Amino acid sequence: MRTRHPVAAAFAVAGYIVMIVPILFVVATAFTAGKTLKFPPEGFSLRWFGQALSYQPFVGSLATSAEIAVLATLLALLVGVPATLAIHRGRLPGKGIVEALFLSPLVVPELVVGLALFQQLIVTFRFDNWPVLLIGHTALLLPYAVRVTGASLAGMDPALEEAARGLGASPLVAFWTVTLPVLRPGIFSAALLSFITSFNNVPLSLLLQSRTTRTLPVTMLDYVQQSYDPMVAAASTLILAVTVVIAVIAERTVGFTRIFGGINR
Amino acid sequence: MHSRIAPLLLLAPGLGFLLVGFLVPSVAMLFSPPGTSTGEVFVRLGQMLTDPYDLQIIGRTLMFGLVVTVICVVLGFPVAYLLARTSSRWSGLLLALAIFPLLLSNVVRTFGWLVVLGSNGAIGQLLVGLGLVDQAPQLLYTPLAVVLGLTQLFLPLSIITCYSAVSQVDAGLDDAARGLGASRTRTFWDVVLPLSLPGIIVAATLVFAGSVTAYTTPYLLGGSSNRMLSTQLFAYSSVTVDWASASATAIIMTVLVFAVSALSSLAGRKGATA
Numbered sequence: 076m077r078t079r080h081p082v083a084a085a086f087a088v089a090g091y092i093v094m095i096v097p098i099l100f101v102v103a104t105a106f107t108a109g110k111t112l113k114f115p116p117e118g119f120s121l122r123w124f125g126q127a128l129s130y131q132p133f134v135g136s137l138a139t140s141a142e143i144a145v146l147a148t149l150l151a152l153l154v155g156v157p158a159t160l161a162i163h164r165g166r167l168p169g170k171g172i173v174e175a176l177f178l179s180p181l182v183v184p185e186l187v188v189g190l191a192l193f194q195q196l197i198v199t200f201r202f203d204n205w206p207v208l209l210i211g212h213t214a215l216l217l218p219y220a221v222r223v224t225g226a227s228l229a230g231m232d233p234a235l236e237e238a239a240r241g242l243g244a245s246p247l248v249a250f251w252t253v254t255l256p257v258l259r260p261g262i263f264s265a266a267l268l269s270f271i272t273s274f275n276n277v278p279l280s281l282l283l284q285s286r287t288t289r290t291l292p293v294t295m296l297d298y299v300q301q302s303y304d305p306m307v308a309a310a311s312t313l314i315l316a317v318t319v320v321i322a323v324i325a326e327r328t329v330g331f332t333r334i335f336g337g338i339n340r
Numbered sequence: 533m534h535s536r537i538a539p540l541l542l543l544a545p546g547l548g549f550l551l552v553g554f555l556v557p558s559v560a561m562l563f564s565p566p567g568t569s570t571g572e573v574f575v576r577l578g579q580m581l582t583d584p585y586d587l588q589i590i591g592r593t594l595m596f597g598l599v600v601t602v603i604c605v606v607l608g609f610p611v612a613y614l615l616a617r618t619s620s621r622w623s624g625l626l627l628a629l630a631i632f633p634l635l636l637s638n639v640v641r642t643f644g645w646l647v648v649l650g651s652n653g654a655i656g657q658l659l660v661g662l663g664l665v666d667q668a669p670q671l672l673y674t675p676l677a678v679v680l681g682l683t684q685l686f687l688p689l690s691i692i693t694c695y696s697a698v699s700q701v702d703a704g705l706d707d708a709a710r711g712l713g714a715s716r717t718r719t720f721w722d723v724v725l726p727l728s729l730p731g732i733i734v735a736a737t738l739v740f741a742g743s744v745t746a747y748t749t750p751y752l753l754g755g756s757s758n759r760m761l762s763t764q765l766f767a768y769s770s771v772t773v774d775w776a777s778a779s780a781t782a783i784i785m786t787v788l789v790f791a792v793s794a795l796s797s798l799a800g801r802k803g804a805t806a
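Heads up: the sequence lines are chains A and B, in that order.
In terms of the working numbering, the first sequence opens at residue 76 and continues consecutively.
In terms of the working numbering, the second sequence opens at residue 533 and continues consecutively.
Bear in mind the hints are in silico, worked out from the structure with no lab data behind them.
Model, not experiment: these values are computed from the prediction.
For each residue, glycine too, the CB sits at the ideal point set by N, CA and C.
Take every hint as true, because none was put in to throw you off.
Just a few of them, taken from the derived set where beta-carbon distance is under 8 Å, the chain B residues facing chain A:
1) PRO545
2) MET561
3) GLY608
4) ALA630
5) ARG641
6) GLY644
7) VAL648
8) TYR747
To spell it out: a stretch of chain B is covered by chain A in this simulated footprint if at least three of its residues, at any positions, have a beta carbon under 8 Å from a beta carbon of chain A; those stretches are:
9) 611-619
10) 782-789
Could you build the full structure based on these sequences and the hints that come with them?
In structure tokens:
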């Protein structure tokens with residue numbers, strides 16, 4: 076990019092280096108033939124990918140992560156989308172407070188939420204770890220469901236729905252044929268963001284884990300602490316590849332920057 | 533009738549969920565951790581705010597948060613500014629590259645620094661290879677490592693927040709200032725920067741709140757000599773199982789985040805009226 080702002084450009088280059096270069100080093104070391112995380116890598120081989128894909132704790136926790144992420148996303152949308160409709164369309168007293176309540180899990184530090192659920196639900200009330208993990212992830216995702224679908228609802232002209240009603244559609248039919256299609260991109264964005272947020276989550280998953288309920292990021296952290304070999308680099312590279320695919324899908328469907336630029340508005 | 537009850541029915545499942553899965557446990561954590569009384573939690577809280585060891589951890593957490601926030605704004609704003617104000621066929625790709633890391637697991641991003649900073653890592657090997665040092669310097673488990681890791685983590689957040697702020701400043705104002713004879717630098721400092729200030733404050737708040745509560749980075753890159761509130765909270769709840777200390781740490785973290793958000797919304801309101 077040619078620019079007439081040399082100082083700004085220098086800072087920007089430094090920013091990109093800090094953001095991107097460590098990730099490139101992960102990918103490079105994943106292909107090493109050597110036994111340690113050494114740079115430059117010793118030789119070229121795919122053996123660490125093979126090891127990562129057959130290492131039982133990784134495979135098992137990948138399944139747990141995927142299960143929790145899918146279910147928590149569905150649950151958050153199932154209870155969050157109706158709430159969004161009520162907030163934006165219903166005649167509610169204290170609408171602002173209700174919305175703030177739904178966004179509140181975003182404000183409290185995740186480790187604190189994790190600690191609260193661990194102390195109260197697992198230790199005091201003896202819940203199993205798995206349902207609590209699901210509850211925690213769903214609570215964490217509710218703000219995304221409400222904010223992202225809310226944004227597309229706010230952009231919709233309420234007259235459309237009134238017109239449908241005026242033409243004789245029942246509330247349900249008007250919702251199904253008019254409102255839902257308008258909401259669809261918002262719901263898709265919220266689902267994508269939710270899935271990724273849940274899948275990558277560490278603080279909640281860390282505090283709510285048990286020997287049988289452990290998510291992939293937590294298992295990887297654990298592994299890094301015990302052994303210093305390129306298997307985590309290989310696993311990370313695989314995650315990176317899948318994430319690129321997700322980004323491309325997001326770009327083709329709703330628009331990558333629209334989805335991910337919309338989180339912190 | 534239907535317009536009165538329908539919204540409540542739509543809200544009920546979500547509110548119920550929030551109550552059971554978030555609000556009640558959070559409040560209960562403060563007042564009755566398992567087998568511990570409210571009194572014990574607040575006694576421990578008082579101790580933490582006077583004990584030198586605990587104060588050092590709080591101070592370090594604040595310090596890392598502040599340093600990372602400054603770096604993320606100083607590096608992030610220029611990226612946002614250039615992305616919003618220059619158009620080339622690369623800007624789409626560069627914007628995507630700045631946002632993409634938000635999709636990528638913190639574990640993966642933080643792990644990269646082990647490869648770069650580790651004793652067999654890129655920087656160490658480079659310095660040895662160039663003959664500048666005999667042995668790779670200890671870069672991991674230092675404050676520098678934690679700051680670098682947190683900067684990488686939160687820079688994208690800073691960039692997209694600043695980007696939306698700069699995009700909302702009418703580019704016509706830049707042209708007007710230039711047309712009236714202001715230099716590029718002057719236009720930047722006197723027009724673009726002040727008008728983007730509310731966005732910068734939001735970016736700084738998000739980065740600060742994120743850095744003082746992040747766990748993965750201080751855990752992997754800080755080691756035991758760079759404990760932060762987050763790593764300490766985990767140790768209290770899962771290693772020593774000291775519920776009073778864990779709850780007290782949680783209170784400190786939460787108050788810190790809320791205080792900063794309140795301060796920033798105050799500053800934002802002042803900025804908007806000034």
